[in-house]
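A.B. asks: With the sequences and hints as input, model every part of the structure.
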Amino acid sequence: MKIKTKLPEKVLQRSRNLRKNATPQEIIIWSRIKNRNFKKLKFRRQYQLGKYIVDFICLEKKLIIELDGWQHSEQENYDLERTNYLERQGFKVIRIWNEEINSNLDGVFLKLEEFL
1 MKIKTKLPEK
11 VLQRSRNLRK
21 NATPQEIIIW
31 SRIKNRNFKK
41 LKFRRQYQLG
51 KYIVDFICLE
61 KKLIIELDGW
71 QHSEQENYDL
81 ERTNYLERQG
91 FKVIRIWNEE
101 INSNLDGVFL
111 KLEEFL
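Residue numbers (our numbering): 1 to 116.
Rather than coming from a laboratory, the hints here were simulated on the basis of the structure. Hints may be right or wrong, so weigh each one.
For lysine-lysine, the following DSSO-like pairs were computed, each having C-alpha atoms within a straight-line distance of at most 30 Å [to be verified]:
(1) Lys20 to Lys62
(2) Lys111 to Lys51
(3) Lys51 to Lys62
(4) Lys34 to Lys20
(5) Lys10 to Lys39
(6) Lys34 to Lys10
(7) Lys20 to Lys39
(8) Lys111 to Lys34
(9) Lys51 to Lys10
(10) Lys10 to Lys20
(11) Lys51 to Lys40
(12) Lys62 to Lys92
(13) Lys61 to Lys10
(14) Lys51 to Lys20
(15) Lys34 to Lys62
(16) Lys39 to Lys111
(17) Lys42 to Lys61
(18) Lys51 to Lys39
(19) Lys62 to Lys42
(20) Lys39 to Lys92
(21) Lys111 to Lys40
(22) Lys92 to Lys51
Note that the structure is a prediction, hence the values are computed from the model and not measured.
C.D. replies: Right, dumping it as structure tokens:
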């Protein structure tokens, strides 16, 4: 039996807000992975793990997809701390630059396949 824990309202609101205000690149990736469209795997978006909300997660494969834009070059320490935490929880984290999605979407999905 799976037990669901209720998330604090603040966290739920933040997740909902992130989903409503998705970047163009998040919309592109989500359109390709939702409804088990990618390798028949179930992905969730803007999912909370600990104190972090990840862009996309496949719990079955313990895979997290994080999309990075220009602002991420300014927060390298935070991203490193976050990635270390997620990896300690047993997840594989793949980071994809928005520009990579814009210029080489097929290559992005080849990279994702390698992680599986």
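A.B. asks: Taking the hints in turn, state whether each one holds.
C.D. replies: Do the hints match the structure? See the list:
1. At roughly 25 Å between alpha-carbon atoms, lysine 20 and lysine 62 fall within 30 Å of each other, so this suggested pair holds.
2. Taken as a hint, the lysine 111 and lysine 51 pair is honoured in the structure, with Cα atoms around 27 Å apart against an allowance of 30 Å.
3. Our distance criterion of 30 Å between C-alpha atoms is met by lysine 51 and lysine 62, whose separation comes to about 17 Å.
4. Between lysine 34 and lysine 20, the direct Cα distance comes to roughly 15 Å. Compliance with the 30 Å bound is thereby established for this hinted pair.
5. Taking the CA atoms of lysine 10 and lysine 39, the gap is near 33 Å; set against the 30 Å cutoff, the hint is violated.
6. Under the criterion of a C-alpha separation no larger than 30 Å, the hint pairing lysine 34 with lysine 10 is consistent with the structure, at around 25 Å.
7. Among the hinted pairs, lysine 20 with lysine 39 is consistent with the structure: their alpha-carbon atoms are about 25 Å apart, no more than 30 Å.
8. The hinted pair formed by lysine 111 and lysine 34 meets the criterion: a straight-line CA distance of about 18 Å does not exceed 30 Å.
9. Of the supplied pair hints, the one linking lysine 51 and lysine 10 holds, its CA atoms being roughly 12 Å apart against a limit of 30 Å.
10. Distance hint between lysine 10 and lysine 20 is fulfilled; the C-alpha atoms sit about 15 Å from each other, no more than 30 Å.
11. Using a Cα cut-off of 30 Å, the hinted pair lysine 51 and lysine 40 holds, with the two alpha carbons roughly 28 Å apart.
12. With a CA separation close to 6 Å, the supplied pair lysine 62 and lysine 92 stays within the 30 Å bound.
13. With a C-alpha separation of about 28 Å, the suggested pair lysine 61 and lysine 10 falls inside the 30 Å cut-off, and the hint holds.
14. Taking the CA atoms of lysine 51 and lysine 20, the gap is near 20 Å; set against the 30 Å cutoff, the hint holds.
15. Using a Cα cut-off of 30 Å, the hinted pair lysine 34 and lysine 62 holds, with the two alpha carbons roughly 16 Å apart.
16. For the hint pairing lysine 39 with lysine 111, the CA-to-CA distance comes to about 13 Å; that is within 30 Å, so the pair holds.
17. For the proposed pair lysine 42 and lysine 61, the alpha carbon gap of about 9 Å is at most 30 Å, so the pair holds.
18. At roughly 29 Å between alpha-carbon atoms, lysine 51 and lysine 39 fall within 30 Å of each other, so this suggested pair holds.
19. At roughly 11 Å between alpha-carbon atoms, lysine 62 and lysine 42 fall within 30 Å of each other, so this suggested pair holds.
20. Only pairs whose Cα atoms come within 30 Å are accepted, and lysine 39 paired with lysine 92 is accepted, the gap being roughly 17 Å.
21. Simply put, lysine 111 and lysine 40 have alpha-carbon atoms about 17 Å apart, close enough for the 30 Å limit, and the pair holds.
22. Taking the CA atoms of lysine 92 and lysine 51, the gap is about 17 Å. The hint holds against a cut of 30 Å.
The structure is inconsistent with hint 5 alone, although it conforms to all the rest.
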